[in-house]
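Trainee: One letter stands for each residue in the lines below.
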Amino acid sequence: DTGVSQNPRHKITKRGQNVTFRCDPISEHNRLYWYRQTLGQGPEFLTYFQNEAQLEKSRLLSDRFSAERPKGSFSTLEIQRTEQGDSAMYLCASSFTGSTEAFFGQGTRLTVV
Amino acid sequence: ELKVEQNPLFLSMQEGKNYTIYCNYSTTSDRLYWYRQDPGKSLESLFVLLSNGAVKQEGRLMASLDTKARLSTLHITAAVHDLSATYFCAGNAGGTSYGKLTFGQGTILTVHP
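Going down the list, the protein sequences come from chains U and G.
For this note's numbering, count along the first sequence from 1 and bump the result up by 5.
For this note's numbering, count along the second sequence from 1 and bump the result up by 561.
One or more of the hints may lead you astray.
[Unchecked claim] FRET-style restraints, in silico, Cβ to Cβ:
#1 Arg27/U <-> Thr638/G: 38 to 46 Å
#2 Pro600/G <-> Gln89/U: 21 to 29 Å
#3 Leu570/G <-> Asn12/U: 37 to 45 Å
#4 Thr638/G <-> Lys19/U: 36 to 44 Å
#5 Asn12/U <-> Glu562/G: 28 to 36 Å
#6 Gly90/U <-> Lys578/G: 35 to 43 Å
#7 Asp627/G <-> Pro75/U: 29 to 37 Å
#8 Asp591/G <-> Ser10/U: 21 to 29 Å
#9 Gln618/G <-> Asn23/U: 43 to 51 Å
[What the hints assert, rightly or not] Once the Cα atoms are required to be at most 27 Å apart in a straight line, the calculated BS3-like pairs of lysine-lysine come out as:
#10 Lys16/U <-> Lys62/U
#11 Lys602/G <-> Lys19/U
#12 Lys564/G <-> Lys629/G
#13 Lys602/G <-> Lys16/U
#14 Lys62/U <-> Lys564/G
#15 Lys629/G <-> Lys602/G
#16 Lys617/G <-> Lys564/G
#17 Lys617/G <-> Lys602/G
#18 Lys62/U <-> Lys76/U
#19 Lys578/G <-> Lys617/G
#20 Lys617/G <-> Lys62/U
#21 Lys617/G <-> Lys629/G
By construction, these hints were calculated from the structure, which means they are not laboratory data.
From the three backbone atoms N, C-alpha and C, an ideal C-beta is built for every residue, glycine too.
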């Protein structure tokens, strides 16, 4: 499978715990995006990388959220001290610079109890 | 800041009927995207519209773009049950935010016999 891969697919955590998600983009895609989708809403942009540089962060990305893409390949999204409001589907997408299209992964569904 | 609004938000159709989903956006968008999402699944790209007057068709779905009116439409012809899903449009502000998508709220389409 050469698509965007996200792990885990599902995560249930207790409030206050830290969680980390991983995204493996399509090989050689230099742009990588994170979105969050809550139930009944469209995805909302969180942040994106070009290679290893984080170029933009949404104001939705509070201090408890951090994203990295250390070698310009896979990326991780960490949420510290999770809250119930963090429950959502976290989507990753990747693209080439200059491409008209981004390809989305299957998402990680986070449930904070 | 780009804002994207879809209507209707809910659409219940009979098989064989035609209908249109509308997508309005607030400021200049570099391009306009349509995605399909099945319950619990990720986003499937349907169309990318790049310029004023662009029209694309795939099967029973046809998308168009009017940049002067800041309006895109997704027309469904002779609906079948398999088209039941949530449909999102998304715009792209371009410039330094190239690749960052702003999504509409989604239109939940249900096709019934």
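Trainee: Run every hint past the structure and note whether it holds.
Mentor: Structure-based check of each hint:
1. A hinted range of 38 to 46 Å for the beta carbons of Arg27/U and Thr638/G is consistent with their spacing of about 41 Å.
2. Look at Pro600/G against Gln89/U: about 22 Å separates their beta carbons, and that is inside 21 to 29 Å.
3. In this structure, Leu570/G and Asn12/U break the distance hint of 37 to 45 Å, their C-beta atoms being roughly 32 Å apart.
4. Restraint check, Thr638/G to Lys19/U: a C-beta distance of roughly 49 Å breaks the suggested window 36 to 44 Å.
5. Hint check: Asn12/U to Glu562/G, Cβ distance near 32 Å, so the stated range 28 to 36 Å holds.
6. Take Gly90/U and Lys578/G: their Cβ atoms lie about 39 Å apart, and the range 35 to 43 Å holds.
7. With their beta carbons about 43 Å apart, Asp627/G and Pro75/U fall outside the hinted range of 29 to 37 Å.
8. Distance hint for Asp591/G and Ser10/U: a CB-CB separation of about 28 Å, consistent with the stated range 21 to 29 Å.
9. Between Gln618/G and Asn23/U the CB atoms are about 47 Å apart, so this pair conforms to the stated range of 43 to 51 Å.
10. Between the alpha carbons of Lys16/U and Lys62/U the distance comes to roughly 24 Å, so the proposed pair stays at or under 27 Å and holds.
11. With a CA separation close to 24 Å, the supplied pair Lys602/G and Lys19/U stays within the 27 Å bound.
12. For the given pair, Lys564/G sits about 16 Å from Lys629/G by alpha-carbon distance, which is consistent with the 27 Å threshold.
13. For the hint pairing Lys602/G with Lys16/U, the CA-to-CA distance comes to about 15 Å; that is within 27 Å, so the pair holds.
14. For the hint pairing Lys62/U with Lys564/G, the CA-to-CA distance comes to about 17 Å; that is within 27 Å, so the pair holds.
15. Between Lys629/G and Lys602/G, the direct Cα distance comes to roughly 34 Å. Violation of the 27 Å bound is thereby established for this hinted pair.
16. Simply put, Lys617/G and Lys564/G have alpha-carbon atoms about 23 Å apart, close enough for the 27 Å limit, and the pair holds.
17. A threshold of 27 Å between alpha carbons decides the hint, and for Lys617/G with Lys602/G the separation of about 24 Å falls inside it, so the pair holds.
18. A threshold of 27 Å between alpha carbons decides the hint, and for Lys62/U with Lys76/U the separation of about 19 Å falls inside it, so the pair holds.
19. Under the criterion of a C-alpha separation no larger than 27 Å, the hint pairing Lys578/G with Lys617/G is consistent with the structure, at around 20 Å.
20. Between Lys617/G and Lys62/U the CA atoms are separated by roughly 32 Å; this puts the pair beyond 27 Å, and the hint is violated.
21. Taking the CA atoms of Lys617/G and Lys629/G, the gap is about 18 Å. The hint holds against a cut of 27 Å.
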